[in-house]
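**Student:** So the chains spell out like this:
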Amino acid sequence: GAVVSQHPSWVICKSGTSVKIECRSLDFQATTMFWYRQFPKQSLMLMATSNEGSKATYEQGVEKDKFLINHASLTLSTLTVTSAHPEDSSFYICSATTGETRYFGPGTRLTVT
Amino acid sequence: GQQVMQIPQYQHVQEGEDFTTYCNSSTTLSNIQWYKQRPGGHPVFLIQLVKSGEVKKQKRLTFQFGEAKKNSSLHITATQTTDVGTYFCAGEASGTYKYIFGTGTRLKVLA
Numbered sequence: 001g002a003v004v005s006q007h008p009s010w011v012i013c014k015s016g017t018s019v020k021i022e023c024r025s026l027d028f029q030a031t032t033m034f035w036y037r038q039f040p041k042q043s044l045m046l047m048a049t050s051n052e053g054s055k056a057t058y059e060q061g062v063e064k065d066k067f068l069i070n071h072a073s074l075t076l077s078t079l080t081v082t083s084a085h086p087e088d089s090s091f092y093i094c095s096a097t098t099g100e101t102r103y104f105g106p107g108t109r110l111t112v113t
Numbered sequence: 114g115q116q117v118m119q120i121p122q123y124q125h126v127q128e129g130e131d132f133t134t135y136c137n138s139s140t141t142l143s144n145i146q147w148y149k150q151r152p153g154g155h156p157v158f159l160i161q162l163v164k165s166g167e168v169k170k171q172k173r174l175t176f177q178f179g180e181a182k183k184n185s186s187l188h189i190t191a192t193q194t195t196d197v198g199t200y201f202c203a204g205e206a207s208g209t210y211k212y213i214f215g216t217g218t219r220l221k222v223l224a
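So the protein sequences, as listed, match chains A and B. Just so we're aligned: the first sequence equals residues 1 to 113 in the numbering used here. Just so we're aligned: the second sequence equals residues 114 to 224 in the numbering used here.
No lab work stands behind these hints, which were simulated from the structure alone. Any given hint could be a false lead.
[Said to hold, decoys possible] 27 Å max Cα-Cα, derived DSSO-like pairs, lysine-lysine:
#1 B:149 to A:41
#2 B:169 to B:183
#3 A:20 to B:211
#4 B:183 to A:41
#5 A:55 to B:149
#6 B:211 to A:41
#7 A:14 to A:66
#8 B:164 to B:149
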């Protein structure tokens, strides 16, 4: 079946640095990918919708200058957390759709110290 | 904005008991999806419901979509320890392709 991968699976960084997270659809082309954030014991919060070749659409309250999204190809979307702070520590999950079914990546756990 | 609530937030059941989680949206949905997330894992797609009043079954799991397409439920018959996890519904507002996740119901099954 369709698989979505994320890299890295976990990352620890110092406050003020930037971190890039990659999301790849391995055996299908995804014109649209979604980025979610999940804090411990909470639900998934949609951050942005990423469309190949165009600017991402951000949800209300999500800073587009802080969470940079690039969807350069039909199989790759990246999320860069710029100038990360401890409050950005979270589980970041991407999702891609084949049109009918949504597949989630395994997530990236970000810890900012 | 669109909100999707689930009740209960937590449920502990004895193995063999039934379990139901309810999902309610503030807006009418074009479709609804259900996911299961094991502790430490990522959400895994279970099913999608599209039609008003639709009922689908997967072995011990029964999914319903309300007539008004604003609510849904997931019922598990005779729970097993492998059913442990958090169950999320996710609703799509018409034509947006954006799924808003419900608050989730965490199920614990006691052997």
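**Student:** Against each hint, give a clear statement of whether it holds in the structure.
**Tutor:** Cross-check of the supplied hints:
1. Of the supplied pair hints, the one linking residue 149 of chain B and residue 41 of chain A holds, its CA atoms being roughly 14 Å apart against a limit of 27 Å.
2. About 17 Å separates the Cα atoms of residue 169 of chain B and residue 183 of chain B, which keeps this hinted pair within 27 Å; it holds.
3. A C-alpha spacing of about 23 Å is found between residue 20 of chain A and residue 211 of chain B, which places the hinted pair at or below 27 Å, so the restraint holds.
4. Distance check on the hinted pair: residue 183 of chain B and residue 41 of chain A sit about 25 Å apart at the alpha-carbon level, within 27 Å; holds.
5. A C-alpha spacing of about 31 Å is found between residue 55 of chain A and residue 149 of chain B, which places the hinted pair above 27 Å, so the restraint is violated.
6. Distance check on the hinted pair: residue 211 of chain B and residue 41 of chain A sit about 22 Å apart at the alpha-carbon level, within 27 Å; holds.
7. Restraint check for residue 14 of chain A and residue 66 of chain A: the C-alpha separation of about 16 Å stays at or below 27 Å, so the hint holds.
8. Proximity of residue 164 of chain B to residue 149 of chain B is assessed by CA-CA distance (about 21 Å); at most 27 Å being required, the pair is judged to hold.
Against the hints set out earlier in the document, a violation occurs for number 5 only.
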